[in-house]
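Undergrad: Please construct the entire structure, taking both the sequences and the accompanying hints into account.
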Amino acid sequence: MSNFHLAYMPLITYPDVLPEDAVAAGVQLAIALGYDLHVMTFSVRIPYLSPSVGSTLLNIPEMIRTTESNSRSQCKALQAMVSGLEHGQSSVEFSTREVVPGLTGTAAAEASRYFDLAILPWAVDKPVIQELAESVIFGAGRPCVLVPSLPIQPVRHMALAWDGSRVAARALADASNLISSDMLITVLTVQGEKPLEHGAIAQDMAHALQHRGLNARPLSVKLAGRAIAECLQQEALTAGADLLVMGGFGHSRLKEFILGGATHGVLQALQMPVLLSH
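Using UniProt numbering, read the sequence shown as starting at 1 and increasing by one per residue.
No lab work stands behind these hints: they were computed from the structure.
Restricting the straight-line Cα-Cα distance to at most 20 Å, the calculated cross-link-like pairs of lysine to aspartate or glutamate (EDC-like) are:
1) Lys76 <-> Glu98
2) Lys222 <-> Asp204
3) Lys76 <-> Asp16
4) Lys126 <-> Asp16
5) Lys222 <-> Glu197
6) Lys76 <-> Asp21
7) Lys76 <-> Glu93
8) Lys76 <-> Glu20
9) Lys222 <-> Glu193
10) Lys194 <-> Asp204
11) Lys76 <-> Glu86
12) Lys126 <-> Glu20
13) Lys194 <-> Glu230
14) Lys126 <-> Asp21
TA: The following block contains the structure:
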């Protein structure tokens, strides 16, 4: 039977393609969340430009045809891979969109707006995959989950990064469809990173969730010199969470969280699924 909730997973084929373990993690997350899945593969269309004098010996049209053909073949291979991974545990549908180089991120972000959630498999050593994730996170207007290339566990414990802000409340709302009555929610507040309304906001939110019949507990931790993204991920893992939910980041802060900086590329070692609400 078709599920009311439908996740979207974009997969590119040019100039790089996701490894199978990353694709598998994305499929496993959809199954773990109980979501149906729409997989959109992107094939490349390369506009032909007249060759420069220095490249007259190259057969540019043939190179373009070969690249485009390989991209289409990769789309079919990815779809076959996903079909073999889900084992009938989730309803999966496929589509393919043709795009010119440089516009895949925009096309994926626009397409994601028609779904409830974007699932974005993460690959540490593939910048083009990271750029796609960034485009969707900033352009979708939908909650997005970054998924590490690791076996995904059933989501029975959610860590909510909570600072009492409007955008943190939006992140909770974005994650509401993922919350079940038997799920444990750890309300995670970091002391020492930014001014907070008071020192008991984690307790306040946990109480508000308990009032709704949910199993919630507060957890207040100290930043202790860590980058905020590193701190949140470490503490969520220590608490035993299967998913970290966070908001409250403007464009520059969220970009740092995703791509890292010179000293804090924290997601170069993504250890758990992270739902980002922007």
